[in-house]
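S.K.: Based on these hints, arrange chain D with the ligands on the given structure of chain F.
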Amino acid sequence: MKFTCLRKGGGFHFPACHMLNVSGFRILLDCPLDLSSLAFFSPVPVAHEAHKSLDTDSVIRKKQKMEKALDANDLVHAEPWYKTVKSLHLWDASFIDVVLISSPMGMLGLPYLTRTKDFSAKIYVTEATARIGQLLMEDLVSMHMEFRQFYGPEDSCFPQWLRWEELEVLQYEMKKIALGKDCEELGAWMPLYSADDVKDCMRKVQTLKYAEEACYNGTLIIKAFSSGLEIGTCNWTINGPKRNIAYITNSIFVSTHAADFDFVGLRGNDLIIYSDFFSLGAAENMENDNTYFDPVASLNFSDDVNNLEEMSASLLKDDESTEEMEKLAFICTCALDSVRGGGSVLIPIDRLGIILGLLEQMSVLLESSSAKVPMYIISSVAEELLAFTNIIPEWLCKQRQEKLFSGEPLFEHAKLIKERNIHVFPAVHSPELLTNWQEPCIIFSPHWSLRLGPVVHLLRHWCSDPNSLLVLESGVDADIALLPFKPMAMKVLQCSFLSGMRLQKVQPLLKTLQPKLVLFPKDLRCKIQISEANTIFLYSESETLRIPSSKNSTEIEIATDLASKFHWKTLKQETITRLEGELFMDYGKHRLLSGSHPADSKQQRPFVHWGSPDSKGLLTELSKIGINGTIKKVRDDTESESAAGVVEIHEPKKAVIHVGETGTVIISADENLASHIVKAIDIVLDGI
Amino acid sequence: MAIDCLVLGAGQEVGKSCVVVSINGKRIMFDCGMHMGYTDSRRYPDFSLISKTGDFDNALTCVIITHFHLDHIGALPYFTEVCGYRGPVYMTYPTKALAPLMLEDYRKNMDRRGEDGQFTSDHITECMKKVIPVDLKQTVQVDKDLQIRAYYAGHVLGAAMFYAKVGDAAMVYTGDYNMTPDRHLGAAQIDRLQLDLLITESTYATTIRDSRYGREREFLKAVHNCVAAGGKVLIPTFALGRAQELCILLEDYWERMNLKVPIYFSSGLTIQANMYYKMLINWTSQKIKETYATHNAFDFKNVQNFDRSLINAPGPCVLFATPGMISGGFSLEVFMQWAPSEINLITLPGYCVAGTIGHKLMSGKPTKIDLDKDTQVDVRCQIHQLSFSPHTDAKGIMDLVKFLSPKHAILVHGEKPKMATLKERIQSELGIQCYCPANNDTVTIPTTHYVKADASDAFIKSCLNPNFKFSKSSSVDKSYSGSNDSKAIPGLQVSDERVAEGILVVEKGKKAKVIHQDELLHMLGENKHEVQFAYCFPMRTERLEKTRSEDLPSADDLLCGLDKCTLISLLSTKLSNELSDGNIQDLGEQLQVESFCLSICLKDNCPHRISDSLQNDSEVVFFCCSWSVADEMLAWKIISIMKNYTLPLEGRLQVRI
Ligand SMILES: [Zn+2]
Ligand SMILES: [Zn+2]
Ligand SMILES: [Zn+2]
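Chains as they are written, first to last, in full-length UniProt numbering: chain F, 1 to 688; chain D, 1 to 657.
One chain only, chain F, in its complex shape:
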């Protein structure tokens, strides 16, 4: 097995991307887009004519620019391009056999792949991820189209800003976005795919339920298990004839909306690939943490159910969902303060779970404080997305499922929309929005990069209002993100939401899953302790790891009724037999079953012989079946006691048998006689 990390994970919006080679199949794990690099572009046209020409003056001006602080003019005023996973371009798309998509975010780069000529991989995605991912991509395309209305389409296929002369004079922060830390990512920039590319991509996707078995090429069994991060997101298990792999992406143990992290489903795999983690940068300090794993206890591990329950309980004990709910409650009170002060609240957060939670909590809070403030959701796909969340009980957490069983809607928003507490509009210029418009208000709208979507217009509208509030996710570089809107008088609240597994959960999870091998990111190794029971392989970006195979052979199952009909032959130590029947390779199993058509009574005769025949013995065997002859010694037999010689047959017909050390040749004109001689040889030789 080979493993190559193409791109480390970068939080909720930019999952990791890896390439896996199992049983001769190439598997791509996720295909994300780095939308944070959208910050490179300016969302609003500025009067400043920065892009006129490359004369000496402007170069000097730019050099001067490099020394002063970043301002809106440093951003690139052009139709944005999108940054894909750099290393993925080094692989031939037509050689990929399988693509596994773990989350809607891990799907955003997929249309680039699917539109490649000769791309023929099987793409597996959960049903819910496919639907949400499709909506996200459609929204991205539509927001991008709107952006183009400002700048007009690019006239050349190679934009000005991508020229080296331009890049060279960029501010450090900007250069980092454009070229990456190691100045290698220039080739990763791509113009956005089209709506047709998205449609075509969706046609090539095969959707799965959680824990549904998908069998690739009869050999690999691939299953998705919920990861708890978002509706439909998943971890994967890949079971091949020689290796059982679990791939763990951003996972959240207890979710307030999506199905919880199903770690029990990942048990029984000998290799775990840990991909993404939630960490608050370097601040996550393990030394102060008492959740260290005790290696002694692990030795006494037994597989009984109590133990599993116990361990599950320990994994779930410091329930992070309460903390997350508190964060939402805090945002809601801040929002309430704002609207009471006459300011509006702008929430450009694109995490479905956060929006659903905020909508419910906010409406409760607004109602209890009898603030008559409208909530608007502005997005081209919001209506469909919200409707979708109310018809997918199977993909939600237990509490939401209980609502189905008691006949209530899964989320409150359907009711809130009906009661006109929430208004949903496809765009800022929707006529219904204009007639409904009321300030202060609370608005949810994309895009979190503050470069695309309705948020751009709204931010320009409110950025100078000190009473208004902007709620951002932490992880967004606010300095650069807010550049185009400076000077900002608006209050900004940045909030960090849980977006994966905390490092301290790695150890207890390993204890539960009991893998033999663990793949772990090299840069995080120092932050966790892993007991010796697991062999650990450390990976870093763009390096290929070779993992030795644990099993040398493939298991094959032979139906006993078939095996009993085999023609067994006993040797010194072992009994052997030739196989018969039909070999089925399906669902990763190799099974030998009796053929549907009974073998046409093939002659049961050995095809492979070994040992040394003895001419005399052969003659004796031949005489038993009425074949008689004499031994004619070969010339050089004096020096060896070997059985080599020539047997001449006179009866019933003439034939000659050349018996040699390594081979025997039967010369006969008669089929029947020849076949009898072979039978005699079968007796004096070993064979099968």
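I should point out that these hints are in silico values taken from the structure, not numbers from a laboratory.
Pulled from the structure, derived: some chain F residues nowhere near chain D, Cβ distances all over 10 Å:
no.: 1; residue: MET1
no.: 2; residue: PRO159
no.: 3; residue: GLN160
no.: 4; residue: LEU167
no.: 5; residue: VAL373
no.: 6; residue: PRO374
Label-pair restraints from in silico Cβ distances:
no.: 7; chain 1: D; residue 1: ASP4; chain 2: F; residue 2: GLN206; range: 35 to 41 Å
no.: 8; chain 1: F; residue 1: HIS89; chain 2: D; residue 2: LYS452; range: 42 to 48 Å
no.: 9; chain 1: D; residue 1: LYS289; chain 2: F; residue 2: PHE158; range: 43 to 49 Å
no.: 10; chain 1: F; residue 1: ASP270; chain 2: D; residue 2: ILE641; range: 53 to 59 Å
no.: 11; chain 1: F; residue 1: ASP337; chain 2: D; residue 2: ASN258; range: 55 to 61 Å
We put the CB at the ideal spot given by N, CA and C, even for glycine.
M.R.: Coordinates of chain D with the ligands only, in the frame set by chain F:
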């Protein structure tokens, strides 16, 4: 190893479906239904046959419920709350959501009938808490050894067929299913699975149905005629399933014909149920799923709640009343009022359980029905029997059995004589052993068992290498569905000599091994001893007969260079015409078919000649042949073709001379 099937219900009848299957140490109860035709203890399966002591938790691994119909779930609250089973119960999400409504509706009707409810409202609630919901295709690991999986069955919302696998033994229990899509549901869909046993319903074991469309029209016409004449239409149904299907049908018709006649539901139940249907829209048919965004098919515009006071109100109406089959409750109450008038219409489902009034109405055309010894109802109204049904017909059953090709099949949920006919068909047409056990009978079937061996890479590789006879099983074939949205799951199947190149090696105390024959000798530390045949024989040629008299140079002189090739290519053509298989290779001066190798022999004392064969004279050309044991038959066939053939060489060689 064997699978034991204890049929506790629906054996040679319809009602109280319940089969307890013991499979490799696990014991699964499929369905836990009640019989609508009885009010005494016969209405429930005889659970004492599972455990004499009533220790059901240890006696059963799990209970699986296929769908929310009472004949499949009606006894569940009794089993869990009164009998005390506390183990896991599995059913699909819609079944878990809708079953309490069905059970509650039934319980209320029983109360009205003044019988012992046997279970209470609380029992239903408590019972449902034990239920673990499953999604379609989701592989559920019940415990370390038992795996179950649900497949779409059509029939009613959330109905599923269940696959269960323990170790090497696997089976499917279908529950009720429909192989054709209806107004609101898709057709049943299942993967091709390797099964030891299939337990299938057989409600319509001998019926073949034609198009559903015509039958729907008949129903609509009957309803329309009745209301147009001012009559009242009673549609006794259960709250869920058929009610929604017929309602979609009527709604559509009402819109098209612009009818204003009210459509009523007897209880708020059906209206409440629509809330569930809306959330579970993903479980309906493709068509309804697609139109969901614009119009939810379960938002019925013309439907209103019914009130008892409306029973004798003037004017036409259509009423959906529970329970179906008029087994009691409100539908019976309305039936007693409406049946005596000839302008009214009563529609009956395609199937009514024996013992119900529905069943009596269906058998012949009674003019009077005795409810009990004091009450008698005059039946003058029209009766329309719905001829479309959410059950598969006989063709559908045969198709499914054929598609799954289990080693054994058991028929349940049908009528004894018809089941016997179907059983015969399955055995004779499909060659599958089939059984129709009666209630409380146990059927034991053997299961396939496997020995496990490690296969070497060389063997696996040789099997994976494509060759001419290598077939990839057709992908469309892998998933059976009445509709066309089947998913492809490719698998490989090798059934040629490459399998026979494998050698199974068993050594005491070690795991069995499969290796390729080429690896065997190395493993044994032995040297190969090649056993070969050789035969050098003469073949007559035409040219030689003629040229001899002219005393031209000898044949040996001529048979050099190009001429050898000409002879070989002539032979090659001849053989490819005569041999049906074998890969004939013309190698210039040699001819090769598998291991059979042939060349022209010019040596006078070739060791491969047998002296007493043909005279060694110059009329003939000698061919030296050798082959290995594996191609013995082929070799003798080639030799006999050659011996009966004279090489037509004249024209060609003359030119050269
Ligand atoms: Zn049913
Ligand atoms: Zn039934
Ligand atoms: Zn010869």
